[in-house]
Structures are given as structure tokens and as C-alpha cells.
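Based on the sequences and whatever the hints tell you, model everything.
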Amino acid sequence: MSTFLGMPAPPPRSPYGTGNLRGDRTFPAAAHDELRNGQLRRNLGKATRTIRGKRLHVTGELPDWEALRDAGSAIKTDTMNRLPELLEQLERNVTERGGTVHWARDGDEANEIVARLVRATGSSDVIKVKSMATQETGLNEHLESLGITPHETDLAELIVQLAHDRPSHILVPAIHRNRDEIRQIFLDEIPGVDPRLDNVPAHLAAAARAYLREKFMTTRVAVSGANFGIAETGTLSVVESEGNGRMCLTLPDTLITVMGIEKVLPRYQDLEVFLQLLPRSSTGERMNPYTSLWTGVTPGDGPQDFHLVLLDNGRTAALADTIGRAALNCIRCSACLNVCPVYERAGGHAYGSTYPGPIGAVLTPQLAGMHAAKDDPNSSLPYASSLCGACFDACPVKIDIPSMLVELRHQNTEQSGTTAEKLAMKAAAAVMGRPKLYTAAQKAAALGRVVGGRDGTLSHLPAPFSGWSDSRDTPAPPKRSFRAWLASAEGAATMRAAAEEGARHGDDHQEEK
Amino acid sequence: MTTTARDTVLGRIRDALALAPPSDTPIPRAYRTGRTLPDGERLALLTDRLVDYKAQVHRCTTDRTAEVIAGILRDRGARRIGVPAGLEEHWLAAYDGEIRRDSADIPAPGLDALDGVVTGSAVTCAETGTIFLDGSPDQGRRALSLVPDLHVCVVDLSSVVAGVPEAVARLVPERPTTLISGPSATSDIELERVEGVHGPRTLAVVIRTDA
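Protein chains in written order, with numbering that gives the first Met the number 0: chain A, 0 to 512; chain B, 0 to 210.
Hint data in this document are derived by calculation from the structure and do not stem from the laboratory.
Predicted, not measured: the structure shown is a model, and the values here were computed from it.
Some clues are possibly wrong.
Here are the simulated lysine to aspartate or glutamate pairs, EDC-like style, with alpha carbons at most 20 Å apart [claimed, not checked]:
{"no.": "1", "chain 1": "A", "residue 1": "K442", "chain 2": "A", "residue 2": "E489"}
{"no.": "2", "chain 1": "A", "residue 1": "K53", "chain 2": "B", "residue 2": "E194"}
{"no.": "3", "chain 1": "A", "residue 1": "K214", "chain 2": "A", "residue 2": "E188"}
{"no.": "4", "chain 1": "A", "residue 1": "K45", "chain 2": "A", "residue 2": "D179"}
{"no.": "5", "chain 1": "A", "residue 1": "K373", "chain 2": "A", "residue 2": "E413"}
{"no.": "6", "chain 1": "A", "residue 1": "K214", "chain 2": "B", "residue 2": "D148"}
{"no.": "7", "chain 1": "A", "residue 1": "K53", "chain 2": "A", "residue 2": "D63"}
{"no.": "8", "chain 1": "A", "residue 1": "K397", "chain 2": "B", "residue 2": "D23"}
{"no.": "9", "chain 1": "A", "residue 1": "K45", "chain 2": "B", "residue 2": "E191"}
{"no.": "10", "chain 1": "A", "residue 1": "K53", "chain 2": "B", "residue 2": "E189"}
{"no.": "11", "chain 1": "A", "residue 1": "K214", "chain 2": "B", "residue 2": "D111"}
{"no.": "12", "chain 1": "B", "residue 1": "K53", "chain 2": "B", "residue 2": "D133"}
{"no.": "13", "chain 1": "A", "residue 1": "K373", "chain 2": "A", "residue 2": "D23"}
{"no.": "14", "chain 1": "A", "residue 1": "K425", "chain 2": "A", "residue 2": "E413"}
{"no.": "15", "chain 1": "A", "residue 1": "K53", "chain 2": "B", "residue 2": "D51"}
{"no.": "16", "chain 1": "A", "residue 1": "K45", "chain 2": "A", "residue 2": "E343"}
{"no.": "17", "chain 1": "A", "residue 1": "K53", "chain 2": "B", "residue 2": "E191"}
{"no.": "18", "chain 1": "A", "residue 1": "K53", "chain 2": "B", "residue 2": "D47"}
{"no.": "19", "chain 1": "A", "residue 1": "K45", "chain 2": "B", "residue 2": "E189"}
According to the in silico footprint, chain B covers these stretches of chain A (three or more CB under 8 Å from chain B) [unchecked claim]:
{"no.": "20", "stretch": "103-113"}
{"no.": "21", "stretch": "283-294"}
Don't be surprised by glycine CBs; every beta carbon is placed ideally from N, CA and C.
Below, the structure is given as C-alpha cells:
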């Protein structure tokens, strides 16, 4: 039954101060420090270069790649249009097949639901499949505060967890670490690891296998995310590589899956599109090693206690934005991160959110807002882009990220109220509209040369213009304005010479004919 | 009356769609579906993909099934193997090691003691080198083909289809389904692919060309 009564109300963003959708400083401030980390830039440059090459190879070999993108984009848009009925259908089918469906208005509510379900099993440990949704809600921190130990089982998530670090990439959360750093983390943090462990990736993977094997065999509760939830059948899906997902989805008695409400797909058939788009866009493989599809509970196979937690946490707020809602179409492949010149240099931590890179710069403000606090770091995210458009070209579901960034910049300016910069622009408009006043102002500006540095730039303008000069150098005003120069004898002579030169060239062209 | 989270979230979605009314979106499905390829091409394509994933590929005719499976298990030194309850018995006629028929009451750590597992398969996609297991009696529960370090999987060429849409069309959605494309792997260290993490580190595929 609908609770719709009278005027529709704008849905709330993810509550301020919860989860991991906001950094503690602006993008430029964070990027400033990250850019000084030469090791980070080398690691990121190498990794993103590798993945870009792979992705181009496997997307280029499909003659119908563009048709798949068109279909994927339309399926996701259609899904958002029909979200209430699809979620109710998903809920009905999961329930009919023996699962239990829970709804969470925000991240804290999702965390509480998961914690309550874990406690009901009596287990003090959970094994986790890599999940963006639970990273977003800060589930691990919540479980730890209650004395429940979450064990990340994806290799990169394990590296991040052991290093007490934060993920910096959607697909490869430890992309900022190289093999030597990972070796040291394992030596420091894995109990009983062979002290002769070297930095060969295969050996590091083997060390993780040995460490996690016992956890898989003994932990009775798992928490996962979901790549897709099929409304038509109640089928859920996890796409992965290592087999840690299969372990978590198969071996425990209890499985708790946390899924953002935008991850629902209408039909089982739609998998034929997304199982082509996702692996080729994310790891640059024709298919990822393992994908699991399960529907409720299957007697004699896998967890007999299955819970699905459907998470809002600002997604409905994004849905209420005609342009911004396209961010919900994201399938978390991370192709946009790998092609982004800004991400490649600044790295994922600079964005401050679970979702970094171009998609993070649009999705994070949609979910959590840009003005929830004074000097909200999220308000800097729409500017973390050169608007080059590489992300749009790479996106398998054709999310027009550059247009969304521009729209968010507009919204940011509109929402940020009357700033000194805004007043200055208004004043400039008034002056430029009146030629006499403009000429007078230019004469006055020439005085600005006096304060210009030796390289002819002004690096610090006085208030109210300091906001402008914080991130840009301003060329010192010229000695005289163009208009003043044009009116002088020197200007007239130069213009005459240019005209003669132009006439000569015109003759040349005629001769060539 | 307290409002449930369910009512609140569904109400918010309806509010959002009322505030920003969606436009009708037709779904163009111009991508390739219903493709067929001759036996030889499907076999060549599948083999190429499996080799690329560093899976072992063995081709044989139906009458040599037992011989080929026994050879793989012997070469890998597998002395104790698990099989799903419904696996054809004669597939293991040439194997002289210990065979454990699986049942749901064997706990997962018990499977860890196995050297390998032999299963059939439901359908296979040639273009991506993906084998689909669906829990049928010759494939068993999911844990069985996951925990042991060696997975010998029999694929009949007649069950190999050209592309992903053709494979998805053959699935039964309600069955627990696992897509396997090579042995387990990770690209988490410097995005360099390494085969062999938590799932079987060796995947041996026996393609029966006349079945």
C-alpha cells in the first residue's frame, strides 16, 4: 500500500555524520597531499595503464558492444522508472523461495539489521564478500563496536583491512599498494605467516589462501553485497574472481546480503546483457572467473537461512533528481576510474567517499548531499574533473558523467548562497554592460601591475577575491587596455601592417590556383 | 501506527518519481542473440578461451571418458576424490583411488580433505569460456565443486553454445547456478592476473566431442 498522501516530499539524503560518503576535507586539499606521494602515483599509473589496455582489447572484439551498452543503459533507466513494483516483486519472490527481506531507510538502520541477525546466530565472527554497500554504511566499524569481528575475504579488501587502511578503488580497493608494500603488510599482520614470504603476487595470493581457509571452514555467518537482484525470479548474483565469494555464499549456515535498491533488474534475461558488460568493463576479461546466482534457499545446498537487506541511504533522493538519477544506473565496474586523468593522479582517497573517481564525484553528492555541513567536502567533488569526457565514453551503461558534473556545479553555486565571488561577478556584469565605466575600470586595474609578482601573476588576491586566487594564479593586468592600445599611434600602425600582410597573402593564394 | 521502513522507502520512491516523472524508455535489444556456430568453431573457440584462462583442456570421444578422467587424476596425484551423487558410475571405471559420493550432511571441512572432484556441467558458453553448473545430480551441491583444489569438469560439445545470451536462455533461474571461467584468479596485486586463490587452483575440462 502506498503511503503517498498529497504533495510528494523530496526524499532525504544519507544522514550527515554516518557511514563513509564524506571525507574530512575538500578534494583539492586531500589531492594536494596525495599528489606528493610518488609511490602512490607510480602504483596507480601502472595499474590503470594495464587495465585500460585490457578493457579496450576485450570490448573491441565484440561487434555488438555499442548495442549492448544501449540495452544496458535502457534496462537500468527502465528499472529506475519502475522501482517500486520491481522491488515488491523481488521481495515477493525471495520470500516465496524461503528468504527474508528487510528494508533499511539508511546506513545505520542496515547496520543494525545485520548486527541483530548476526547476534541471533550466536556467532562472534562474520566472513565478508567485497561489498560497496556495506563499505558505504560502515558496517565493519559497527560490528566491531559490538564485539563482532568481520573478516574481509577479497584479497584487496583483506590487504586494506590488515593495513588499517581505506579502499581507494571500486574494483581493486588496494590499487594504491604495490607488491612490496603488500608483502610487508602480510608479514606484519598475518599471524604465523612464513617470514620468508617474498613479493611474487602468486605467493602473496597463496598466503591469503592459507590464512582465510580456516575462516571459510569455520565461520557460520557471511555478509555479502549483490551485483544484481532479479525481480522476476528473486535471484541474486555476486560477480567475483577469487572464489572467496563462492565460499561465503555457499559454506555458512546464514547469509546476509545487503543490496542497494537500485541494483534490482527486471528480468532474468537481462543477465545476458550485464554478464557481458560488467566483466569486460571492470577487469577487462571476457568473463570473470566466478559468478554465483542463487534464489532464496535451496534445501541441501548452501545457507539455509538467507536474508536480503534492501538499502535506501540517499538513493531515493538521487531518484528525485531528473539528471542526477542516472548515477543510480552505475553497475560499479570502475571503468570510469581507470580512464580518468584526475583519478589516475590524485587516487581514490582524495574523494573521501566509498565511491571515488568520476562516478563517485556524481554519486556521492547525490546520495549524501553537498551542503549538509559548512564547507561540506562533498561540494568540492563536482569540480574534481577536467570534463574531458573519457568516463562517458568508457561507461558500459552510458552514464553522462560530464553533464552531471556540470549540473552539480550549477546546483552547488545555486545552493551556496551569496558569496563574495558571486557578488564580484555581479559587479563585473554591471561594469561590462557600460562601456565608459568599463574603460575607467580597466585604467584602474592597470594599477594592479604594481602588486603583480616578477612572473607577472598575482597568486594572492585580497578578499573578496581570495576564493578565486586560492586555486588559480591571476595574470597581472596589462599596462594598458586593448582598447587604449588600439586607439594609440602604435596600435593604428600595427593594424595597418597586418592589413597589408593579409592582402599579400590573399594574392599568394590566387597565384597558387 | 508506526510506519515501517518498507513503507517509508517505497513511499520515498513514489515521491521521487512524482517529483521527477520518468519518460517511457523502450529497450533496444539489437545485440546478438540466438547465434549458432558449427561444432568445429564452437570447439575451437571454447578451447582457445579455456587455454587463455590457464585451464587444462582434454578432448575425447564418449567411449574414452573413463580413461581420460583417470589419466588426469593420476597425473595430479589425486588419491581421494569426491563425486556428486548422480555422476555416471562408469566415468570413474578406470580410476583406482578412493571415491566418495557426496551428500548434504558432509560438512565443508570434510570436503577439504578431498584431492579433487569430478562433475558434469549444464551448459557452456564458447565465446567467454564459461561453464555453468546448476546443481543437477551430476554436478552436485555448490560446495563440492568449490572446496577441493582440483576440479575435473566434463563438458559435452552438444551443450556448448556460442555466446552469453544463448547460455542464459538455457538456465533454470531457481537452481543455484555457478559460472566458472577458468581456475580461481585475482588481479588485486598491481592488476596482474594470478591464477589460484580460494577456489580450485586447477580446472581440467574434458570436452566430449561426440556427446
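(Q) Tell me the hint numbers this structure goes against, listed in increasing order. (A) Of the numbered hints given earlier, the structure breaks just one, which is hint 12.
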